[in-house]
Amino acid sequence: MSMHEPARQMNLSHSRESADTPRLPSLLPIRANGVVLEIDGNRLVDAIDLELSADKLTVLMGPNGAGKSLLLRLMHGLVAPSAGKITFDGLAMSDEVRRRQAMVFQRPVLLRRSVAANVDFALKIRRHASPAERDKLLDLVGLLDRAKQPARALSGGEQQRLALARALATEPDVLFLDEPTASLDPHSIELIEQIVLLAHRQGTKVIFVTHDVGQGRRLADEVVFLHLGRLVEQTPAKRFFSDPASREGKAYLEGKLVL
Amino acid sequence: MKHKKLMFAALSAVLLFGVGLVANAADTSIIVQSTTSTKNSGLYDHLLPQFEAATGITVNVVAVGTGQAIRNARNCDGDVLLVHAKASEEQFVADGFGVARFDLMYNDFVIVGPSDDPAAVSGMTDTAQALVQIAEREALFASRGDDSGTHKKEVTLWAAAGLDPTGSSGAWYRELGSGMGATLNAAVGMGAYVLTDRATWISFANKADFKIAVEGDDALFNQYGVILVNGSVCPHVNVQAGQQFIDWLISDEGQNAIGTYEIDGQQLFFPNAQTNGTG
Amino acid sequence: MQDFAEPFRLALALVTAGDADLFEIIALSLRVSLLAMAIACVLGLPLGALLAVTRFPGRSVVLVLVNALMGLPPVVVGLIVYLYLSRSGPFGWLGLLYTPTAMIIAQVILITPIIAALSRQVLEDLHTEYAEQFRSLSVPRRTVISALVWDGRYSLLTVALAGFGRAVAEVGAVIIVGGNIDHLTRVMTTAIALETSKGDLALALALGFVLLVIALTVNGLVMALRLTAGRHVHA
Numbered sequence: 001m002s003m004h005e006p007a008r009q010m011n012l013s014h015s016r017e018s019a020d021t022p023r024l025p026s027l028l029p030i031r032a033n034g035v036v037l038e039i040d041g042n043r044l045v046d047a048i049d050l051e052l053s054a055d056k057l058t059v060l061m062g063p064n065g066a067g068k069s070l071l072l073r074l075m076h077g078l079v080a081p082s083a084g085k086i087t088f089d090g091l092a093m094s095d096e097v098r099r100r101q102a103m104v105f106q107r108p109v110l111l112r113r114s115v116a117a118n119v120d121f122a123l124k125i126r127r128h129a130s131p132a133e134r135d136k137l138l139d140l141v142g143l144l145d146r147a148k149q150p151a152r153a154l155s156g157g158e159q160q161r162l163a164l165a166r167a168l169a170t171e172p173d174v175l176f177l178d179e180p181t182a183s184l185d186p187h188s189i190e191l192i193e194q195i196v197l198l199a200h201r202q203g204t205k206v207i208f209v210t211h212d213v214g215q216g217r218r219l220a221d222e223v224v225f226l227h228l229g230r231l232v233e234q235t236p237a238k239r240f241f242s243d244p245a246s247r248e249g250k251a252y253l254e255g256k257l258v259l
Numbered sequence: 260m261k262h263k264k265l266m267f268a269a270l271s272a273v274l275l276f277g278v279g280l281v282a283n284a285a286d287t288s289i290i291v292q293s294t295t296s297t298k299n300s301g302l303y304d305h306l307l308p309q310f311e312a313a314t315g316i317t318v319n320v321v322a323v324g325t326g327q328a329i330r331n332a333r334n335c336d337g338d339v340l341l342v343h344a345k346a347s348e349e350q351f352v353a354d355g356f357g358v359a360r361f362d363l364m365y366n367d368f369v370i371v372g373p374s375d376d377p378a379a380v381s382g383m384t385d386t387a388q389a390l391v392q393i394a395e396r397e398a399l400f401a402s403r404g405d406d407s408g409t410h411k412k413e414v415t416l417w418a419a420a421g422l423d424p425t426g427s428s429g430a431w432y433r434e435l436g437s438g439m440g441a442t443l444n445a446a447v448g449m450g451a452y453v454l455t456d457r458a459t460w461i462s463f464a465n466k467a468d469f470k471i472a473v474e475g476d477d478a479l480f481n482q483y484g485v486i487l488v489n490g491s492v493c494p495h496v497n498v499q500a501g502q503q504f505i506d507w508l509i510s511d512e513g514q515n516a517i518g519t520y521e522i523d524g525q526q527l528f529f530p531n532a533q534t535n536g537t538g
Numbered sequence: 539m540q541d542f543a544e545p546f547r548l549a550l551a552l553v554t555a556g557d558a559d560l561f562e563i564i565a566l567s568l569r570v571s572l573l574a575m576a577i578a579c580v581l582g583l584p585l586g587a588l589l590a591v592t593r594f595p596g597r598s599v600v601l602v603l604v605n606a607l608m609g610l611p612p613v614v615v616g617l618i619v620y621l622y623l624s625r626s627g628p629f630g631w632l633g634l635l636y637t638p639t640a641m642i643i644a645q646v647i648l649i650t651p652i653i654a655a656l657s658r659q660v661l662e663d664l665h666t667e668y669a670e671q672f673r674s675l676s677v678p679r680r681t682v683i684s685a686l687v688w689d690g691r692y693s694l695l696t697v698a699l700a701g702f703g704r705a706v707a708e709v710g711a712v713i714i715v716g717g718n719i720d721h722l723t724r725v726m727t728t729a730i731a732l733e734t735s736k737g738d739l740a741l742a743l744a745l746g747f748v749l750l751v752i753a754l755t756v757n758g759l760v761m762a763l764r765l766t767a768g769r770h771v772h773a
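In order, the protein sequence lines correspond to chains A, B and C.
Count the first sequence with the working numbering and you get residues 1 to 259, in order.
Count the second sequence with the working numbering and you get residues 260 to 538, in order.
Count the third sequence with the working numbering and you get residues 539 to 773, in order.
Pulled out of the complex, with its shape left as it was, chain A reads as follows:
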């Protein structure tokens, strides 16, 4: 397989930055105040206070069951907190806010349509679909030559790349990714990481969940480490990977079971 070169020169934020379109107010910082999620009496997310600012690529880490995915869903408004609140530059969660966010799930859910139609679907929801824009996105994720194939016939890695293209089609201000590369082929992982970094450089706030320490090192500007539903530490990436503040973080990096 030839290494696909994602257009480093590519501009991900298309029409939005054309000179005459005023920039919408930022959704940043994202603030969580005492956020709790209880399901059937189990405290799955426990009194989290957090502030995520615009300039850093945030990686959420922690062992399974730490509450990483749930925190992502809370911030994306897919789950309502049992207590506490989350604000986006002071705004509460609303359809309007969610429309300016996008999420890539661990298991991509693609429509039973062609590759191209999956991107068109997202483009149409935000604005008019344009074949040129769609092709640009498909080219970015290395799927342009497969545009007419059924999306569900793609490999796992290709499906996730398509899910990423679909998320980018909505031109999000905030992009959530929930372990998008778990169990994918290395080529797809590299491509996805490059595109995520590109989106980050072009001003999209990226919040990336992974439990792959190597991936965390490659991507993170800052690490938010969770354990048993609680926020254990929020640390700049360099320091986290060399000298984590918490006992749990240390154990995790050493590959020990975090109890």
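None of these hints come from the bench; they were simulated from the model.
If you're wondering where the values come from, they're calculated on a predicted model, not measured in any experiment.
Think of the CB as a built atom: it goes at the ideal place given N, C-alpha and C, for glycine as much as any other residue.
Hints are not guaranteed to be accurate.
[Claimed, not checked] Facing chain C, from chain B, some residues (calculated, C-beta under 10 Å): (1) 287; (2) 290; (3) 319; (4) 321; (5) 414; (6) 437; (7) 526.
Take the given structure of chain A and dock chains B and C to it, following the hints.
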């Protein structure tokens, strides 16, 4: 996009296809609420082409039991009633639903049964005696049980024999609640005696080993009548075409057509119309 | 019961002889039941879709009701439609009793609950799979429904066929509201009922074979359509 246009086109085609159906019923058509024997025996297939050729009127026959036919006509769902239960027909006219009742034709009822003849009634002409024997030996007897003309006749025959078989309902007396054909099929299936009009019996194809056991009693006389539904009670009645149909049936031409209808050389109906109706 | 060879030969003879009456009856059966299916889909699919994606108080009661209506006895439907369309009924002035339109109405009532209940199940399963993704994309309700219907189109085709099958095979409703009138409202099933009542069981069974072949043909055509379309899933 292309698919949507295609689906739209297909849907429109389907709708147009269906609208064409509605315009099917011609202006000069009438509905005859009829007993089943005249239909199942093929009489209408013999008569209606002649009438339609003479008048251009289409006759649509709804063949149900006499009881059902009278009920439908009382709901104004027909122009002409052609059944065989004189008392009920006269009541229908007396209640104002019919204009006048005309005798049209007759044949007779017969009791048919399996050839092993468990009640030993084969060859009898005394219906009452035959029914008594059937009841005594508890031989299976299949009844229409559906308030049809044939069923009404059967009820009078049992009463004339001084018996009430409904006490044995479910035992040897089986009330089918079905049309003549279904009752005959069931009787053949279970080896039961059954009362039927001769026309239906002659044209019935699933006789198996069944034969006529009892016939020739005056009590088995079967008179058919025809009535125009009252246009002043039921405003939608096609009075003119309905009257034309009745006039034709009781005319020499119609009566002759009835008399010449045969199956296997046997005449099924005997015309006996008088030109004066009662009612 | 005789063997099936004779009715089978009879069916073959009827079809190969090009019996005009038979083809008229077949054509009416197809027109009535296909149209009933189309109308039932127009009514039942949106209802099923709405039930699939919405949550409201009393929804489970509505679901139980719709599911139960799948078991409507055709005779009861025929009777109810008769009472409404009878000259003495509230819609008697339309003059629809004993017409193909009355038969279509009865069959629509009979199969709309089937289309609604089965499509609800199909679309709800699909919605369970898509719901979080749709929520993430903030897909408007209308688009959710149209996307589910489009993506579930092959399963929904099977749902429509189930409705058609029920419509084309039922006799209880159409014989009451159609009257089994020769050259006007006689369809395959009422013709079979008539031949049975005449005791001509071989002919009745032969017509039954023909009906079976019709059902097979319709299903085969739809399957072929699905296979061809399946090769070009790009919408």
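Per-residue hint verdict: residue 526 of chain B, partner chain C, C-beta under 10 Å: Nearest chain C Cβ about 19 Å off; hint violated.
Closest C-beta approach of residue 287 of chain B to chain C relative to 10 Å, hint status: This interface hint is violated because 14 Å lies over the 10 Å limit.
Cut-off 10 Å, beta-carbon criterion: hint that residue 319 of chain B touches chain C: 4 Å, holds
Residue 321 of chain B as chain C interface residue, shortest Cβ-Cβ below 10 Å: 4 Å, holds
Restraint check, 10 Å cut-off on beta carbons, for residue 290 of chain B near chain C: 6 Å, holds
Status of the hint placing residue 414 of chain B at chain C (closest C-beta pair under 10 Å): Hint violated; residue 414 of chain B Cβ to chain C Cβ min 22 Å, cut 10 Å.
Hint validity - residue 437 of chain B Cβ closer than 10 Å to any chain C Cβ: 9 Å, holds
Consistency with the previously given hints fails for numbers 1, 5 and 7, ordered from lowest to highest.
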